[in-house]
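S.K.: If you read the sequences in order, they're chains A and B.
Note that the numbering used here has the first sequence beginning at 61, numbered continuously upward.
Note that the numbering used here has the second sequence beginning at 6, numbered continuously upward.
Watch out, some of these pointers could steer you wrong.
Cross-link-like lysine-lysine pairs, in silico, DSSO-like; alpha carbons within 27 Å at most [what the hints assert, rightly or not]:
(1) A:116 to A:137
(2) A:162 to B:69
(3) A:162 to A:120
(4) A:162 to A:137
(5) B:47 to B:19
(6) B:47 to A:162
(7) A:116 to A:128
(8) B:71 to B:25
(9) B:25 to B:60
(10) B:19 to A:162
(11) B:60 to B:71
(12) B:60 to A:137
(13) A:128 to A:112
(14) B:25 to B:69
(15) B:71 to B:46
(16) B:71 to A:162
(17) B:46 to B:25
(18) A:162 to A:128
(19) B:69 to A:120
(20) B:60 to B:46
(21) B:25 to A:137
(22) B:46 to B:19
(23) A:112 to A:137
(24) A:120 to B:60
Here are the in silico distance ranges between beta carbons for each label pair [to be verified]:
(25) B:116 to A:76: 13 to 23 Å
(26) B:19 to A:127: 28 to 38 Å
(27) B:19 to A:75: 18 to 28 Å
(28) A:69 to B:22: 11 to 21 Å
(29) B:50 to A:88: 18 to 28 Å
(30) A:74 to B:70: 25 to 35 Å
(31) A:99 to B:34: 26 to 36 Å
(32) A:76 to B:18: 24 to 34 Å
Keep in mind the hints are simulated off the structure, nothing from the lab.
The structure displayed is predicted, hence computed values, not measured ones.
Backbone N, C-alpha and C fix where the C-beta goes; we use that ideal spot for every residue, glycine too.
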Amino acid sequence: GNSVTQMEGPVTLSEEAFLTINCTYTATGYPSLFWYVQYPGEGLQLLLKATKADDKGSNKGFEATYRKETTSFHLEKGSVQVSDSAVYFCALSGNTPLVFGKGTRLSVIA
Amino acid sequence: GAVVSQHPSRVICKSGTSVKIECRSLDFQATTMFWYRQFPKKSLMLMATSNEGSKATYEQGVEKDKFLINHASLTLSTLTVTSAHPEDSSFYICSAPSATTDTQYFGPGTRLTVL
Numbered sequence: 061g062n063s064v065t066q067m068e069g070p071v072t073l074s075e076e077a078f079l080t081i082n083c084t085y086t087a088t089g090y091p092s093l094f095w096y097v098q099y100p101g102e103g104l105q106l107l108l109k110a111t112k113a114d115d116k117g118s119n120k121g122f123e124a125t126y127r128k129e130t131t132s133f134h135l136e137k138g139s140v141q142v143s144d145s146a147v148y149f150c151a152l153s154g155n156t157p158l159v160f161g162k163g164t165r166l167s168v169i170a
Numbered sequence: 006g007a008v009v010s011q012h013p014s015r016v017i018c019k020s021g022t023s024v025k026i027e028c029r030s031l032d033f034q035a036t037t038m039f040w041y042r043q044f045p046k047k048s049l050m051l052m053a054t055s056n057e058g059s060k061a062t063y064e065q066g067v068e069k070d071k072f073l074i075n076h077a078s079l080t081l082s083t084l085t086v087t088s089a090h091p092e093d094s095s096f097y098i099c100s101a102p103s104a105t106t107d108t109q110y111f112g113p114g115t116r117l118t119v120l
């Protein structure tokens with residue numbers, strides 16, 4: 061079946077550091093790939109998505125490229141801010157419902 | 006983007022009572038909605054798929070008599086936790102997929118505390 065594996069956290073970075081959160085997937089067919097962000101005490105917000113191979117999703121300085129050859133969708137940001145502290149979930153959907161990774165908690169310190 | 010609301014955002018109840026949580030898609034119709042449960046510092050666990058006009062589909066291990074789901078219209082699904090017990094305390098999140106954007110949108114969640 062479909063599955064998502066993302067790097068274990070927590071990840072602690074200083075402000076303005078470079079961020080990478082790895083995500084790999086296993087799926088049949090051609091799923092869409094998503095990154096969601098969850099701030100403390102809140103629900104999930106869509107951060108970015110990509111629907112086919114080589115697509116790049118981007119939002120708020122975050123980027124992720126759908127790599128079919130490596131079955132990956134790594135999340136990157138060039139310069140993190142304290143306000144980026146949250147839990148990040150990688151997810152895929154060939155047909156709904158979503159299959160989630162376990163989440164990676166990011167803490168950014170000033 | 007599309008908006009999904011949940012109500013209430015927090016609820017505290019006594020053991021043995023029932024609690025209803027509403028999930029609404031505010032600017033799009035959703036024939037399907039999903040209910041998730043999230044334990045502290047854990048990922049989301051899919052509980053059930055709510056289908057407008059038909060019975061919900063429950064994931065393995067989820068008691069359908071305890072977690073009653075009703076998809077009353079194309080914009081509303083409700084989850085009722087019946088005879089709640091302290092172990093039902095959790096963060097419940099709903100989502101609705103938008104057919105036009107092929108994306109799921111999540112509600113803000115409901116934190117249930119059973120005393």
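S.K.: None of the hints should be skipped; say for each whether it holds.
M.R.: Going down the list of hints, with the structure as the test:
1. A:116 to A:137: holds, 13 Å
2. A:162 to B:69: holds, 25 Å
3. A:162 to A:120: With a Cα-Cα distance of about 22 Å, the restraint between residue 162 of chain A and residue 120 of chain A holds, given a limit of 27 Å.
4. A:162 to A:137: The hint holds at about 20 Å.
5. B:47 to B:19: OK: residue 47 of chain B and residue 19 of chain B at ~25 Å, within 27 Å.
6. B:47 to A:162: holds, 7 Å
7. A:116 to A:128: Holds - the C-alpha atoms of residue 128 of chain A and residue 116 of chain A are around 12 Å apart, at most 27 Å.
8. B:71 to B:25: holds, 12 Å
9. B:25 to B:60: The given pair, whose Cα atoms are some 17 Å apart, holds under the 27 Å limit.
10. B:19 to A:162: The given pair, whose Cα atoms are some 31 Å apart, is violated under the 27 Å limit.
11. B:60 to B:71: holds, 15 Å
12. B:60 to A:137: It is violated: about 43 Å lies between the C-alpha atoms, which goes past 27 Å.
13. A:128 to A:112: Distance of about 8 Å is within 27 Å: holds.
14. B:25 to B:69: With Cα atoms ~14 Å apart, residue 25 of chain B and residue 69 of chain B stay inside 27 Å; holds.
15. B:71 to B:46: holds, 24 Å
16. B:71 to A:162: holds, 26 Å
17. B:46 to B:25: Given pair residue 46 of chain B, residue 25 of chain B holds - Cα atoms ~24 Å apart, limit 27 Å.
18. A:162 to A:128: Roughly 21 Å separates the two Cα atoms, so the pair holds.
19. B:69 to A:120: Status violated; Cα separation ~40 Å.
20. B:60 to B:46: Between residue 60 of chain B and residue 46 of chain B the Cα gap is close to 31 Å, so the pair fails against 27 Å, i.e. violated.
21. B:25 to A:137: At roughly 40 Å apart (the allowed maximum being 27 Å), residue 137 of chain A and residue 25 of chain B break the hint.
22. B:46 to B:19: With a Cα-Cα distance of about 25 Å, the restraint between residue 46 of chain B and residue 19 of chain B holds, given a limit of 27 Å.
23. A:112 to A:137: The hint holds at about 21 Å.
24. A:120 to B:60: violated, 39 Å
25. B:116 to A:76: 13 to 23 Å: violated, 34 Å
26. B:19 to A:127: 28 to 38 Å: violated, 51 Å
27. B:19 to A:75: 18 to 28 Å: violated, 45 Å
28. A:69 to B:22: 11 to 21 Å: The hinted range 11 to 21 Å is violated for residue 69 of chain A and residue 22 of chain B, with Cβ atoms some 36 Å apart.
29. B:50 to A:88: 18 to 28 Å: 22 Å Cβ-Cβ, so the 18 to 28 Å window holds.
30. A:74 to B:70: 25 to 35 Å: Violated: the Cβ-Cβ distance is about 51 Å, outside 25 to 35 Å.
31. A:99 to B:34: 26 to 36 Å: holds, 28 Å
32. A:76 to B:18: 24 to 34 Å: Because 45 Å falls outside the window, the suggested range is violated.
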